[in-house]
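Colleague: These protein sequence lines are chains V and X, in that order.
Our numbering puts the first residue of the first sequence at 11, with every later residue one more than the last.
Our numbering puts the first residue of the second sequence at 11, with every later residue one more than the last.
Hints should not be assumed to be uniformly reliable.
You can't tell identical chains apart in this list, so a pair holds if it fits in one copy or across any two.
[As the list claims (entries may be wrong)] Calculated lysine to aspartate or glutamate pairs in the EDC-like style (CA-CA distance at most 20 Å, straight line): (1) Lys422 x Glu448; (2) Lys345 x Glu117; (3) Lys87 x Glu271; (4) Lys119 x Asp353; (5) Lys343 x Glu59; (6) Lys119 x Glu271.
Quick caveat, the hints were computed from the structure, so don't treat them as lab data.
2 protein chains.
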Amino acid sequence: MTLHELFHPRSVALVGASANPLSGGYAYATHLVEDFQGELYLINPNVDEILGKKTYPSLSAVPGPIDYLISSIAADKILPLLPDCAKKKVRIIHFFTARMSETGRSEGKQLEQEITRRAKELEIRFLGPNCMGVYNPRVGLTYGYWFPPESGWVGGIFQSGGASTDFIHYGALRGLRFSQVVSYGNGADIDESDLLEHFAADPETRVIAIYIEGVKDGRKFIRALARAARSKPVVVLKGGKGVAGTRSVLSHTASMAGREEIWRSVLRQAKVSGVETLGELLDQVLAFSFLPEFTGRRTAIAGGGGGKSALSADIWEAAGFELPDLPPEMREKLKETASGVWDWIKNPVDLSILQDSPVLPEQLFGMMDENRVFDVFVFNLTEDDPIPGEMWRLWAGEQADGVIRFRDQSKKPVVAVIATGEVSEAEMKEWRWGMIGEVRKRFINARIPVFSSPERAARSAFQVSEYYRRRST
Amino acid sequence: MTLHELFHPRSVALVGASANPLSGGYAYATHLVEDFQGELYLINPNVDEILGKKTYPSLSAVPGPIDYLISSIAADKILPLLPDCAKKKVRIIHFFTARMSETGRSEGKQLEQEITRRAKELEIRFLGPNCMGVYNPRVGLTYGYWFPPESGWVGGIFQSGGASTDFIHYGALRGLRFSQVVSYGNGADIDESDLLEHFAADPETRVIAIYIEGVKDGRKFIRALARAARSKPVVVLKGGKGVAGTRSVLSHTASMAGREEIWRSVLRQAKVSGVETLGELLDQVLAFSFLPEFTGRRTAIAGGGGGKSALSADIWEAAGFELPDLPPEMREKLKETASGVWDWIKNPVDLSILQDSPVLPEQLFGMMDENRVFDVFVFNLTEDDPIPGEMWRLWAGEQADGVIRFRDQSKKPVVAVIATGEVSEAEMKEWRWGMIGEVRKRFINARIPVFSSPERAARSAFQVSEYYRRRST
Numbered sequence: 011m012t013l014h015e016l017f018h019p020r021s022v023a024l025v026g027a028s029a030n031p032l033s034g035g036y037a038y039a040t041h042l043v044e045d046f047q048g049e050l051y052l053i054n055p056n057v058d059e060i061l062g063k064k065t066y067p068s069l070s071a072v073p074g075p076i077d078y079l080i081s082s083i084a085a086d087k088i089l090p091l092l093p094d095c096a097k098k099k100v101r102i103i104h105f106f107t108a109r110m111s112e113t114g115r116s117e118g119k120q121l122e123q124e125i126t127r128r129a130k131e132l133e134i135r136f137l138g139p140n141c142m143g144v145y146n147p148r149v150g151l152t153y154g155y156w157f158p159p160e161s162g163w164v165g166g167i168f169q170s171g172g173a174s175t176d177f178i179h180y181g182a183l184r185g186l187r188f189s190q191v192v193s194y195g196n197g198a199d200i201d202e203s204d205l206l207e208h209f210a211a212d213p214e215t216r217v218i219a220i221y222i223e224g225v226k227d228g229r230k231f232i233r234a235l236a237r238a239a240r241s242k243p244v245v246v247l248k249g250g251k252g253v254a255g256t257r258s259v260l261s262h263t264a265s266m267a268g269r270e271e272i273w274r275s276v277l278r279q280a281k282v283s284g285v286e287t288l289g290e291l292l293d294q295v296l297a298f299s300f301l302p303e304f305t306g307r308r309t310a311i312a313g314g315g316g317g318k319s320a321l322s323a324d325i326w327e328a329a330g331f332e333l334p335d336l337p338p339e340m341r342e343k344l345k346e347t348a349s350g351v352w353d354w355i356k357n358p359v360d361l362s363i364l365q366d367s368p369v370l371p372e373q374l375f376g377m378m379d380e381n382r383v384f385d386v387f388v389f390n391l392t393e394d395d396p397i398p399g400e401m402w403r404l405w406a407g408e409q410a411d412g413v414i415r416f417r418d419q420s421k422k423p424v425v426a427v428i429a430t431g432e433v434s435e436a437e438m439k440e441w442r443w444g445m446i447g448e449v450r451k452r453f454i455n456a457r458i459p460v461f462s463s464p465e466r467a468a469r470s471a472f473q474v475s476e477y478y479r480r481r482s483t
Numbered sequence: 011m012t013l014h015e016l017f018h019p020r021s022v023a024l025v026g027a028s029a030n031p032l033s034g035g036y037a038y039a040t041h042l043v044e045d046f047q048g049e050l051y052l053i054n055p056n057v058d059e060i061l062g063k064k065t066y067p068s069l070s071a072v073p074g075p076i077d078y079l080i081s082s083i084a085a086d087k088i089l090p091l092l093p094d095c096a097k098k099k100v101r102i103i104h105f106f107t108a109r110m111s112e113t114g115r116s117e118g119k120q121l122e123q124e125i126t127r128r129a130k131e132l133e134i135r136f137l138g139p140n141c142m143g144v145y146n147p148r149v150g151l152t153y154g155y156w157f158p159p160e161s162g163w164v165g166g167i168f169q170s171g172g173a174s175t176d177f178i179h180y181g182a183l184r185g186l187r188f189s190q191v192v193s194y195g196n197g198a199d200i201d202e203s204d205l206l207e208h209f210a211a212d213p214e215t216r217v218i219a220i221y222i223e224g225v226k227d228g229r230k231f232i233r234a235l236a237r238a239a240r241s242k243p244v245v246v247l248k249g250g251k252g253v254a255g256t257r258s259v260l261s262h263t264a265s266m267a268g269r270e271e272i273w274r275s276v277l278r279q280a281k282v283s284g285v286e287t288l289g290e291l292l293d294q295v296l297a298f299s300f301l302p303e304f305t306g307r308r309t310a311i312a313g314g315g316g317g318k319s320a321l322s323a324d325i326w327e328a329a330g331f332e333l334p335d336l337p338p339e340m341r342e343k344l345k346e347t348a349s350g351v352w353d354w355i356k357n358p359v360d361l362s363i364l365q366d367s368p369v370l371p372e373q374l375f376g377m378m379d380e381n382r383v384f385d386v387f388v389f390n391l392t393e394d395d396p397i398p399g400e401m402w403r404l405w406a407g408e409q410a411d412g413v414i415r416f417r418d419q420s421k422k423p424v425v426a427v428i429a430t431g432e433v434s435e436a437e438m439k440e441w442r443w444g445m446i447g448e449v450r451k452r453f454i455n456a457r458i459p460v461f462s463s464p465e466r467a468a469r470s471a472f473q474v475s476e477y478y479r480r481r482s483t
């Protein structure tokens, strides 16, 4: 049975379903009752119903088959559960249950080994222990509050459940949607390599994101990673590189983190580039999701005043792009339409210079594209308000729509850089953050990647061009 | 007359006051009418009043003295204005007026030179041309919509007006308040070195932020920078380092950007560390503003689940901090209060392990501080919601309050890391961003610096410790 089938169950049982809102057994029950599209069985011998849904006292009392079982009971109750699972022909168990090898205690390690051995004998696959399980919006299997109900194209392999929920929440805000995200914790049975092979083959998945603390089998992992990267972009974040981080992952998922040099060589061999932070992981997956294939690095930048333009130019160049100046043919054209500033405009285009003239950013990008001098187009929004707020809001929206039209016509890689503000309750009342939110939303809906700063945008776009260069050689 | 006096005028005249909301003359009129606390004279020969305030047809018609004059008229009208200014004994002119040397055209350069020569003869100091002028909340002199009305401790020297308004808006959201911020544009008279000397001497200013595109007099600048850095922290962002950035600053403020190596050596000689982005400039100024003097690097981290803890540890170590493990005395203590997990807890402290136990982050930090093993304390907020949102919101608030109490008692450097979300209109309805906003606000009100990511926090805190180390040797 493939992982694809295991992750698309028609029936789910939750052992340890609970009415206590502080428990995991309550959270899973809530998500499943609200979202799961197949048959659902809540198991709890002590209460008759949870969240308005009838419960069953035991697995054997469940009338139908069970494809997928979520275990939210204490570690010491797992071994007795396994034969019952086998009797019900459960195909896969997700052990939310924790406190095993990650505690660092020998009894925890022994229990995990024993569970692994028994499950293998009984031919039951499992996720975890110590993990959040599978988020598959297509069947309504989910493990977090406020996960998007729509399915998408990003596959996620996360050794940490918390990192996975942050990835889903923050990714959703930026327009990402997910095929499946799997939190696999200690990975005693299904591991990072199995999951990589699954997502590499999964036709719904176009980009793979990985957060990994330790690799179980180095050779297997390098092979799986290299194979996956040949078929689709893979972005890898490794936790536990320094002294304290290594100590930390040991107590989190009992992973042996390995030395950083070894890790770098793994990525090099697999021709995959790693990222250092969760923010970069999101940025990179976003860039791969919304940018078309491109390899060129000649960049056109427009938007913002002079300071933003200069800083932007520095940052894009430092990231590996070039900013050729405007071609002579374009200057000649500008002489007619923007006679006051034609010789003054440069790349990056300081839009504040153009405020009195009739050249819109959309037209500028159009002219720049005509001469085939540019490969990538970057729009910087001015979040500042030299004119009263409501007027500026309209103008910013029009600029954004124009840039979106340009992308739709040219099909070129277009990147938007718009600050996100720094959320702080009182200030949310100010129109500016509303405007920023609105404009960001327009780009997100148009599937143009939006980054909160030029450095994040440039770094992410560079990796996309690198990936397609590597693939084309 | 010192810049301090020039920037604290008792009377201001605005030449080129306008009723057209798209013009600079309207924006300045609005700000002055709403905020300026001294005498205000709007000059416009064509209309009787603007924004309900009487106008004067010319400078000579103004009844009282004029300390400070804002010029929002076209470049070709400046030379005739200067003798009138001299007659009225105007002390300083701020030329919002642009289109001079920054256009790259010889007529623009000549005009700027001529204005500079004439002003000098007439003994009038000036800011600009091509700049936004002075924001001094203490006297209500301001140049942007929604600038904070309260005065503060951050001095800003900005060659770009747009960069300065972004700095003020985003800084205000993070709790920064300003003594004065000066946008000085082409800097034909008052330049970066003059401004540095002013802010170095200004008793209200505790931290200086600089955005600079080009230096007029290298030796003078290095001297001023080194002197300022000996008295208070100075953070420098340079625009125009690469090929296109250099071209860009030339067309923005007519600055000769200079080679990057030279710039680096300037900073080294002055013992000032530079930043590369506007985000870093804000982060760094925030860290200097809210952290006490410290030089130690032994760091205690608590908060978040295992993934966030591991990533955090990696990032703080890579930035130059150490994370010693918990001292044996503390483990003994934990044996009593958290018997289930005492041997499992590590530094960084994965708070999800402690959820069943009675040890709060506040108490943990307290125990860690008792043993004098740690110099810096980092709190990571879990923005995720393993339990229903409203309960989590309460819990997050309690955690924050506890961390604030710990800082109040210990007086140790405490840093909070809380994601900012990515503003996007529709999603603002979700409780999570409200919670994040609320918790951020608590820390900001308590003057604990909040950063949106561990990498930004660690980098900024490191520079603070570096600064005080340099100063103590």
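Colleague: Evaluate each hint against the coordinates.
Modeller: Here is how each hint holds up against the structure:
1. Lys422 x Glu448: Neither way: Lys422 and Glu448 sit 23 Å apart in one copy and 40 Å across, limit 20 Å.
2. Lys345 x Glu117: between (80 Å within a copy, 18 Å between copies)
3. Lys87 x Glu271: Neither, since 41 Å and 65 Å both go past 20 Å.
4. Lys119 x Asp353: between (72 Å within a copy, 15 Å between copies)
5. Lys343 x Glu59: neither (74 Å within a copy, 42 Å between copies)
6. Lys119 x Glu271: Answer is neither; intra-copy 28 Å and inter-copy 55 Å both fail.
Hints 1, 3, 5 and 6, counting from the list given before, are not met by this structure.
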